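Enquirer: With these hints in hand, go ahead and build the complete structure from the sequences.
Mind the numbering: the sequence shown is residues 1 to 68 in the UniProt record's numbering, read in order.
Since the hints were derived computationally from the structure, they do not count as laboratory data.
None of these values were measured; they are calculated from a predicted model.
Okay, derived cross-link-like pairs now, DSS-like style, lysine-lysine, Cα gap no bigger than 30 Å in a straight line:
1) K53 <-> K66
2) K37 <-> K66
3) K37 <-> K16
4) K53 <-> K37
5) K53 <-> K18
6) K61 <-> K48
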Amino acid sequence: MAESDDKWEGRWDRVKGKAREHFGRLTDDEVEETAGKRQNMLGKIQEKYGETKEKAEEMLKDFERKHL
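Expert: Right, here's the structure in full:
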């Protein structure tokens with residue numbers, strides 16, 4: 001498991017509210033469905049924002065810099 005995956009899971013309860021705010025197109029249920037798994041969140045961002053994997057990765061890294 002990558003270090004950022006560990007950060008997601010370890011800090012999930014604290015940051016999931018911030019994830020809801022940061023990624024406004026995701027519903028509360030969709031954020032909960034990711035269960036603190038980084039790859040799951042990446043997939044949800046890609047799906048809801050209609051972005052490429054690379055762009056979704058950039059968006060997620062921006063979130064991580066601010067909140068993890």
